[in-house]
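Peer 1: Below, each chain spelled out in residue letters.
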Amino acid sequence: MENETAQASYVDGYASGLLGIATVEGEGIVDEIYSAALAINGHAELIDTLADSRVPTERKQGIIDELLAARASKVTVAAITFLIAAGQARHLDEIAKRLAYLAAEAEGEVVAEVRAPLELDADQIDRLTAALSKATGLRVQVKVIVDPSVIGGVVTKVGDTVLDGSVQNRFTELREQWG
Amino acid sequence: MLMNLSLNVILATEATTTSTEESGGIALLLPAPEELIAGLIAFVIIFMVVWKFALPALNQTLEARQNEIKARLESAEKSKEEAATLLSDYQAQVAGAKDEAAQIVADARDSGEAVKADIESRAEAEADTIKERGHEEVVAERDRVAADLRRQVADLSIDVAERVVVSNLDTEAQRALVDQYIDELGGVQ
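These protein sequences, in sequence, are chains B and C.
All letters in the first sequence, in the order written, are residues 2 to 180 by my numbering.
All letters in the second sequence, in the order written, are residues 702 to 890 by my numbering.
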């Protein structure tokens, strides 16, 4: 319990620090860190390697460069590398979500975590943002996570509310109705 | 003394007899007066002795005997009466016992009939319960099997449908589903 409280404090501290950097570097940094952190978090084996204290820091930095250099800014790569070097590999997703929450809160918005099997285009994101804002009555900031485990459709989480529009969920509901 | 007196009477009698034989006729039949007197005196003496001593003892003996017999008769009568009373009591008891036995038999018969009826009633009720329960169990089992079968068929059908849908989900279909989701979400108030 005490460790959990301490870890929550660490998560909050790292997120606040990253928010300060993002404020200076631009809002896109938050999205990049968020996407990169959740993408890394989706691979358990990669997380195990990055969290392993026996693996040299240089090796871990090499892995991050290899994965993110072509897809993200240097600031994002540096931020992720810093968090892993600080021993927060297993908490990347928590820190990224907290960062997104703080960034959205700073702008009077809430984060909508959107999981989809493919990248959404700008039009879809705009329409989704508008639809979620209308449905929740809040100003929503959409964070898209490409998740191949989502089969058809989209799963959105706003706070504690989950709006599951995946084909998988529809079949599950169908099974429950027939069961 | 009585013996001597008797001897004298006999001697006198013989003497008289001798005298009579000598006189002949009716005189032969009549005793001599002295013999008659002596015999009379002897008779009186003997009579008095008997009257004075033997008769009371005899009377006493007879009376005792009579009393004894009377007592025995009374005792016998009493015993007879007691026997009759005992016989009557015995007969009454036997009759009572017979009545009681008859009542016990009748009670036992009634009780047996009641127990028999109760057992039959219970057995019948239990049989009905078992029958009803069996019927309910059969119906429940049938419904359960039908529900299982229906669920299995539904699961199988949904699995097949899911596989078909998933296998046909190309990028265009995925985008169409995302658009459909956004449209449905936009319609929620």
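In short, the hints are calculated from the structure, not lab data.
One thing to keep in mind: the hints can contain errors.
Unchecked claim - To spell it out: a stretch of chain C is covered by chain B in this simulated footprint if at least three of its residues, at any positions, have a beta carbon under 8 Å from a beta carbon of chain B; those stretches are:
| id | region |
| --- | --- |
| 1 | 732-742 |
| 2 | 849-857 |
Claimed, not checked - Here are some chain C residues pointing at chain B (derived, C-beta under 8 Å):
| id | residue |
| --- | --- |
| 3 | Gln792 |
| 4 | His836 |
| 5 | Glu838 |
| 6 | Leu878 |
| 7 | Tyr882 |
| 8 | Leu886 |
| 9 | Gly887 |
It should be emphasised that the depicted structure is a prediction, and the values quoted were computed from it without experimental measurement.
The beta-carbon is built from N, C-alpha and C at its ideal position, and this holds for glycine as well.
Peer 1: Could you run down the list of hints and mark each one as holding or not?
Peer 2: Results of checking the hints against the structure:
1. 732-742: violated (count 0)
2. 849-857: Holds: 4 residues of the region 849-857 of chain C have a Cβ under 8 Å from chain B.
3. Gln792: violated, 89 Å
4. His836: Violated, because the Cβ-Cβ distance from C/His836 to chain B comes to roughly 27 Å (cut-off 8 Å).
5. Glu838: Not OK, violated: C/Glu838 not within 8 Å of chain B, min 23 Å.
6. Leu878: holds, 4 Å
7. Tyr882: For C/Tyr882, the interface hint holds, since the closest Cβ of chain B sits about 4 Å away, which is under 8 Å.
8. Leu886: holds, 4 Å
9. Gly887: It holds, given that the least Cβ distance between C/Gly887 and chain B is near 4 Å, below 8 Å.
In summary, the numbered hints that this structure violates are 1, 3, 4, 5.
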